[in-house]
Amino acid sequence: MSAQRRVLDVSMLPDTGDFGHRGLVWWGTVGFMVIEGSMFVMVLIVYFYLRLKVAEWPPSLPNPDVGVGTVNLLLVLVSLIPNALAKKAAEEQQLSRTRLWIAVLTCIGVANVILRAFEYPALNCRWDDNAYASITWLLLSLHTIHIVTDVVDSAVLVVLVFTSPMTRRRFIDVSENSLYWYFIVAWWVPIYLVVYWAPRWL
Amino acid sequence: MMCMAESNHEDCFTDIKLTEDLFSLRDTTAPNFVFLAKTSWCGSVTSKHWFDPARMRSLVAAQPRWDLRVGRQAFVACVVCVLLAACEREMRPFQDVSAASARTQKPILSPLSPGGERPPEPPLSPFQQNAWGIAEGKRLFDAYNCSGCHAHGGGGMGPPLMDAKWIYGDRPANIFETIVEGRPNGMPSFRNKIPDSQVWQLVAYVQSMSGQVPIDALPSRGDHMRYSTPENARRAEQPVQTGKP
Amino acid sequence: MSGGARFAWQRAVWELASLEVASLVIAGCSGNQSMFNPQGPAARSISSLGWTLLAICGVVYLLVMVAFFWALARRRLPSDDAPETTRALTRNVTLASIVTVLVLVVLSVASVVAGRGLTSPSGPGALQVEVTAHQWWWDFQYTDVTPSDYVTSPNELHIPVGVPVVLKVRSRDVIHSFWVPNLHGKRDLIPGQITHTWMQADRPGVYRGQCAEFCGHQHAHMAFVVVAEPMDEFRQWIAHQRQPASEPATDEERHGRDVFLQSTCVTCHTVRGTDAGSHVGPELTHVGSRLTVAAGTLPNTRGHLSGWIANPQAIKPGSRMPPNSLAAADLQAVLTYVRSLR
Amino acid sequence: MPTEGPRARPVERLERPLDENAETRLHRELERTWYVPRGVVGWLSVVDHRTVGKRYIATAFGFFIFAGILAALMRIQLAVPDNHFLGPDLYNQIFTTHGTMMMFLFAVPVMEALGVYLVPLMVGARNIAFPRLNAYSYYLFLFGGLMLTTTMLVNSAPDAGWFSYVPLAGPDYTPGKRSDFWAQMITFTEVSALAVAVELVATIFKCRAPGMTLNRLPLFVWSMLVTSFMVIFSMPAVVTSSTFLLLDRLVGTHFYNPAEGGDALLWQHLFWFFGHPEVYIIFVPALGIISSIITTFTQRPVFGYTALAMSVVTTGFLGFAVWVHHMFATGLPQLGLSYFTAASIVISIPTGVQIFCWIASLWRGRPRYPAPMLFVLGFFAIFIVGGLSGVTLASIPFDLQVHDTYYVVAHFHYVLIGGAVFPLIGGIYYWFPKMTGRMTDDALGKLNFWVLFVGFNLTFFPMHILGFQGMPRRIYTYPSEMGWGTLNLLASGGAVLLVVGGVLFVYNVVRSYVAGEVAADNPWNADTLEWGTASPPPVYNFLHIPIVEGRNALWDRSVDAPVVTGIRSDCREVLITEVLDAAPSNKTEFPGPSIWPFLASVVTTAFFIGSIFTPWALPVSVIPIAVTLIGWFWPKSPEKDAPGARKSTELREARA
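Residue numbers (this note's numbering), protein chains in the order written: chain A, 1 to 202; chain B, 203 to 447; chain C, 448 to 789; chain D, 790 to 1445.
Source of the hints: derived by calculation from the structure; they are not laboratory data. Certain hints may be false.
Unchecked claim - To give an idea of the interface, some chain D residues facing chain B are shown, with a C-beta separation under 10 Å as derived from the structure: (1) 877; (2) 965; (3) 967.
Using N, Cα and C, we set each Cβ at its ideal position, and we do this for glycine too.
Only chain A is shown next, with the shape it has when bound in the complex (with noise of 0.2 Å):
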């Protein structure tokens, strides 16, 4: 063999993965997000055709009562403050402002979750009525599937973000975990107009 080869030295290029598309979490993360996003799309798909099916919509139904469904959908959208300034503490990896706004963003969190619990009763059916009855709770519920897994997955960053030792791979899941939230919150807008709003403009 020759005396000399080229080679690539890589040894100085950040170790622990990256902030956004450049590490390799983000592509998995937005991976699932495109799955789910297609599964809402599918959902919603489904709504309106099965509305083509019948005269009525609500088919001999109340309307959902949009008071506690409007409530939540305020407090999502407040929520994306905390958000946006965790992902940026992250990013630009302060840990006690990350302390503090994964912490008040789990809060709100578990108080979104809490408010889908009133929200079922409101929407004045039963998902064995019929058809509109049954998607409409699916929607909701495919939704509060999101919702719990996420505030879950905040509970245990802040667990992590106050024990363990933080290192830059923490600060990269903090970030993660809130495009994750941008996505739940993304999808809520849509799903609160179809499942309050769309009994009645339809």
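Following the hints, complete the assembly by docking chains B, C and D onto the known chain A.
Chains B, C and D only, in chain A's frame:
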């Protein structure tokens, strides 16, 4: 088939047993492959209590340490998969249909005293744990217009069937007799109008309306207007004997 | 090179195969339920379209195979790796792709043209039959201005020759598919939907139809026959079907009727003119005049009928008809009576 | 990133290659770092993509054999008219399980499994992205498959067809739990398939060796990329529809109940929106296998790389535009149908282009004909028949006659067996030396090919004609007057040959596995990276991460191929590169072996199966699932990436 022919002059109970026996003998009339599959996997599953709703509920309610629960869930899930997936519920006993109805004579039932003493071991109807038989019963319940009086079990001109109250007894034999013989105050006799196999299917369905059959064999909602909670979503009733119609 | 030789051999094998194929194709075009044995305009246009498609695809296949084996078996040249060879290949591949597109355009056009031949010519005057599918039998109803003149003819569809018949199809339980290959393509019967299709027979005859969408245990035995007859015969048939059941003539028939009316038969079946009036199962008013029993499963002979009545589960396991354990004499009487219902 | 200042860039320089000892020391340390755990717990904790991939492939072939036996039983039943070998009930269970198993438990998983094994090697990575998720998805697939197998053995297998049309599969017409097992099997397999798809996309986009820009991606990797995206976008549809079905049956929702505002056709739309892409999910990876094998055995770069890659992508897109051609007979509006005819015809164009490119490659190359190549050539002879019959099916009038007849059965077996299984078996023969380090018996392989080829055509060609003669699908018997007996007997005869072929394949693989001759690192002189390492590959795949210098990585590399250095060898550090140009971006540490994915999959299985019987399964299993997932993702002691940790790299080894 042969043994059924002889059974023609037996009384109802032996005939029920005979029919049950046929369930285990069924494989002789079934294709070989089924015979192998069934005998190797379910030949022994003849106990009528391999599934017990109460146990399932208590299991669901119990909250021991999570790892124990996980372990037990996994185990139960496997058992449930193998056993519940099984035989009795999933049979499509077409030949037994012929068998159960290979009898022209009217069943001689024990004289029935409402709410009175009960015979030691209550007989079991051929389809009590068979999802297909129960579903057939549900179909016939509409086809033969039982709903005309019983309104999908909710009760109308006739008494409700999905509640805990049993006027003429809750045992399959009682229900069988109620259908075949009719009852005072309006229940007509369907003797020679409905073949016994189908009567037994109706019996199983009537039982299922108040949850007297294994929950995994219960029918679900039908493809028609919703009239009440589907059978598999109702609470199982504890039978109450009441003499009065 | 040995590879080439081996492939010459493989080619021989393939040609043998394709020969056998050709003979099989020819065999395929007769047969009582064959789409290539059209007896009506719709089926005919589809069948000629079919031949066109198969011919074009066959030619395409042969061409591709020739190119394929040539590419394998050709002598290798030193110039193969030269850039101009690559350029030539690129040109040929592009050419082939363009030809593909053209062929596909031709196919689409042919398909659309044939499709126009299938649009229902239903005028206001066209005869309309209501088709209702059940697990696992067919009900054909000829409606009329006066409901008393309705005619139902289970598992046997009579149509006049030479005129289009509009079929209003629906399903009572699961999805079935109405299909008479000699007359027209399929139409699914979907619960909760009522759709229309049509058919026309050019010459008298009996054509077999069969359910084409999997519908449960007896999907295999859910057939029916289409009887195409001249208009006047058809009119006579309708007129006759309108009549109530014929009165029993002999003592045995009378006894048979009594057994029939006292047994479980009446719980499901209708015989117009008697007390039997249930619509759970097929109507039997003129069952004696039908060609088949058990939804096109058996020819309507006394033997088959008795077997069917005694233990249907042996013939169609899972079918809705329960076994009957009539005493031998009663069974014979019932048979005589039922067969007398012409 | 604001606080990180200017991004560090990799440094290119000349240096003396490592001497023998340094190489050995590096090898030892990498082996310690990327160890594959032993023992029972260790065996369940494996997260390494080669081991998991091989288990995946073996399991999928296990289900292939089981479903094949079911097919043989069907051929026995149909061999003669009015046969009483199987009753209708059992026959329906068998054909349903056969289709379900072949599609959901063999075809899709085996292709993804091949990707799990090969893609990281082909792109020069040390493991697949998200290795623990990979292990989890394998166990879910395994348990789901075992569940369906069990139901078949205890006479409660689904019996409403692999497509489970409602209302037949719904609560009113399939009593018992048969359809529920089907629907949950879907949940199992889809969850695992989706997980693998995400891993593959992440691996292909972010874990490629430097220099492997997108336009140097091996065609197999291209096709796995397209497949993964199709999985990601199509499978949510079937998960949705099967969830609806389960809810209808268990808690009485009305999604498919026309009487309460539901709709039976809704199922068909959702199912086929998945179901047609599904066919391409199975077929597209096969295209990659074919390109690899043709490249290798013609010893020339494949002709029209760009055309091939682009037509794979196009196929991926068009695959989503044709689902309604499964519903031509349902009486949908005529105009819409003609659109789907057009789409279904258009989709054959990219396939045509690919075939022409391959023929050109064969024309230009110097073909050799070992067993793998024979299977690929068999693909041409068979698949093109299936493709053309597919074109005829796109014509509405013609489809109205042959829809749901044996013509369709013949068509999709020509497409799936010819288009996917033949290349797959070829691929197994082709990569077997790499996976096991042993060659297969080539003569036996050739015999195997000819038996399968003849048997296949004998079995399935007559079915075209049976379709013309009006024989519908899914009938458990047929009357002798129909005159279908001879051809059915012929088909059953061919099935015997197919069984023999299957046995030959298994025998060849097993025998070669234990006693085959030892394989060289690159026995076929192939071009892709996986052949650039040992056979079988070491636990760390590549001693030095290579730098790719051309499309045919091994053929285009210079004498002293440049390599990457500066990656830590004392922890599972891997290089993350940019999506388009594969420029080194950063490094991250992959998780090591763990039992948690297995535990999580067990709990998930308990939940899925439990929810067949009671809705309470959900609340009960929430906590165990959460616990296992937290245990899974809980960070291990973080000293590895804490400041001041020992940094041992190939660089230090070199300096030593």
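Structure-based check of all given hints:
no. : hint : in the structure
1   : 877  : 8 Å, holds
2   : 965  : 4 Å, holds
3   : 967  : 7 Å, holds
Consistency note: the structure conflicts with none of the earlier hints.
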